[in-house]
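Protein sequences appear in the order of chains A and B. All residue numbers for the first sequence refer to this note's numbering, where the first residue is 1 and numbers rise by one. All residue numbers for the second sequence refer to this note's numbering, where the first residue is 1001 and numbers rise by one.
Watch out, some of these pointers could steer you wrong.
Taking lysine-lysine and the DSSO-like style, the derived pairs with C-alpha atoms no more than 27 Å apart in a straight line are [said to hold, decoys possible]:
id: 1; chain 1: A; residue 1: K267; chain 2: B; residue 2: K1113
id: 2; chain 1: B; residue 1: K1106; chain 2: A; residue 2: K254
id: 3; chain 1: B; residue 1: K1113; chain 2: A; residue 2: K266
id: 4; chain 1: A; residue 1: K248; chain 2: B; residue 2: K1106
Treat the hints as calculated values from the structure; they're not laboratory data.
Chain by chain, the residues:
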Amino acid sequence: MPRIPKVALVLATLGMITFTVTNGLHSPTSALPLRLGIVNAASYSIVFAALNEGDFSNNGIAITTREYETGKDALRGALDGEVDLAMVYETPVVLASLDGHHVGIVSALARLEDDTALLSMKKSGIRSFEDLRHKRVGLTLGTSAEFFLYLGLRGAGISFTDVKIVDIDPSEFVTALERSDLDAIVIWEPQLSETLNRFGNRISRYDSDLYTAIPMIAGRRERILEVTEAVTRFVRGLADSEARLRSKPHVAFKEIREQFKKSTGKKFPWNAGDFEIGLNNQLVTVMNQEARWLMRTRGFQGPFPDFNELLMPQFLDEVFPQSVTVLDSR
Amino acid sequence: MKLGLANKIFGPSIAILTFLTLSIGYTGFEFARESELIKANSEISHRLNAMLAELQQLLNERQVHVHLLVQERDLIRNERVITISRKISKLLDGFLDLKPGPAAGKYVRRLIKGERDLSKARKELSSSIVSSREAEILRGYTFWRIRQEKLLADFQDMNIYNIRWIEGLVRSSEGRRLQSFRLILWLFFAGFCLLLMSAASVSKGVIRPIRQMTLAARRISSGDLETRVALSTREDELESLARAFNSMTEHLIAANTQLREAIQSRDQFISVASHELRTPLTALGLQLGIMGREMSAIQKDGSSSRTARAMTVANRQLHRLNQLIDDLLDVSRIQHGKLILRRSSTDLVLLCQELIERFQDQLAAEKVEIRLQAPEALIGWWDASRLEQVLVNLLFNVFKYAPGSPVDLRLFCTGDDAILVFQDYGPGIKAEDQRRVFDQFERSVKDFGVSGLGLGLFIVREIVEIHGGGVRLLQEENAGAVFEIRLPLKGEVEPPIKEDAPQAT
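Working from the sequences, and respecting the hints, build out all of it.
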């Protein structure tokens, strides 16, 4: 065995002491498992980018994904214990909360103005929301599409009862339109761009500047509290993904943009600034507005819920405190 | 010769000093920059807070006027709402002028967009009021409220963000301070490492060669003349010193060899000359003896007494010449380790008494009185003739250097040793001469007008030491030369050759 010089041993020991003093003792982290219910929607790009770039595995989290057709289904999966966390928009969360489920919101992911739109076949004669009276409008009930349509109809001065609502899954929209089973649909990205691309000039798009879609990560509150460490690491992965988006906005989501363009034939509809993790008053306000609407139209009983209580800011507080702009409800 | 050593010592020191200066300078610069950043951000935050408070007030005021506009259908309220809205828009533009950073800028842009949407809603509302269509008024007011709520939510978000931003600045400042602390620790560690490496380098380059040279010098001084300082490929002052050291050692060895050869030649010459001189002297002695006897016969016939005196002088000079040659032969024997003791049971007191008696005439002639203080007998295992030679040599020194001086001769016994103290009261021996007085061919006084080879005390010391004893010169006040001779009663060292020594019985 080669003889190690005393000076080298002394230096190595001093180096270790200095490293320990300056960095503290860190135990090696083993990857924690976490089940995530995913929805194939571009509005969740921060999560997909984190998955693609390995931000979760880098933070010691082993993600198992399960795909759902809508956020409503994903949240249902989370509430039923199929997954720990779910990708979901605000409407299913509000509905679940009104139904008495203990929903916990970990973080919002974006704030999107052009995510949802009304598409109508030109041959149906629809030129605006006002023309929807007595028309067959397809949408998935219990999703944000329902609130979007409500706001559109309200702006046009007509009510839900004046329109024939058809509850239909997003996967069936195209077939229904081609068969002329529907006059219009309310749909979100990427199916929105896909449908526009498919039907070309046979279809028209109508937006509403009143509706703001807020995709988020939510789940059953009790379950989230059971896997606190895993959720914290998950949020850390989200923060890394968002940081990359901020530092390189032009190259961020490159794969997702290309995939979107490939599948829809349309340009990715949002800017980097539309995506941000956080818990904010805008989210609470939108949920309050939707809750008021749902209580009025669906006849929910009981006191008006305090949506601040759904927020679980402890994870973001630890990882990225500046992203939490609500007062802590805990 | 290159200045490698200076580079070794000063080079690392200057490098470490430069490193630490730059490091500390950099840390100081970072601290200053951070302080400036915090100061600038604090000012922005302060102004932002003031503007947010004003914005809050304007939003509340406008909300009241819109509410009254819908309730009272008073279009003057609409003018008031327009005025407030303009103030709000101006204030929001002011927010952007503050350049509060990308995150806060995002909130401001949202407020501006929300305000634009609200302006559109206000126009629709005022149109519906003008046209007095109730359903449109209700719808317009509903949309106004939805947008107003969103605007207020954005406002609250911005407000809290501002607080969080300040908190973040503090946290970030603390983090950077910790980072600076770590950096300083690492810098000091790095400096310490450099220092150690420099010390090790200096030790290797400077101290180690010096140690090697010290060790080599010690070995050489202890007699190992083959020792050399190991040379390296370095070209510095120490390497030059090492080469000079080795060169000096080579010269020393050469000089030593020459000296030894010279001494050997001298000893050989003395030995050969002594032997060569002894033969004709013996013949000369015999002839002088014959001549003496014949002179005595002639003298009886009335021959010249002058010739008889000349014969006496010749005999005395011959005797003296014999003594000198004996001394030289003894020195030669000592040099070659061939001085042989013939030990026997000897009474030192008796030996002294017989000597005094034998030299009575000469002592009288030289006016030297020997005062003997001795026990009745002091018997040891000694060579009597050699001890007599010791006493004679000491006595002859008195004749030469202290004629007319009394001599105290004290004999006594201490433990296993016999002590003989021989003291005269002559001029003594100077302090500077005492060290070499026992060396061969040395005389304490060279210009005293006395002859001799300077071998007497050398032979004294050698005889005493071969007996296993020792001799030393004592320094006493008001005394001349004082010699103390110690002789073991039983010789510890057995004589090397004893073929003719009497066996103790």
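Do the hints match the structure? See the list:
1. Using a Cα cut-off of 27 Å, the hinted pair K267/A and K1113/B holds, with the two alpha carbons roughly 23 Å apart.
2. A distance of roughly 23 Å separates the Cα atoms of K1106/B and K254/A; the hinted pair therefore holds under the 27 Å criterion.
3. Distance hint between K1113/B and K266/A is fulfilled; the C-alpha atoms sit about 26 Å from each other, no more than 27 Å.
4. Distance hint between K248/A and K1106/B is fulfilled; the C-alpha atoms sit about 17 Å from each other, no more than 27 Å.
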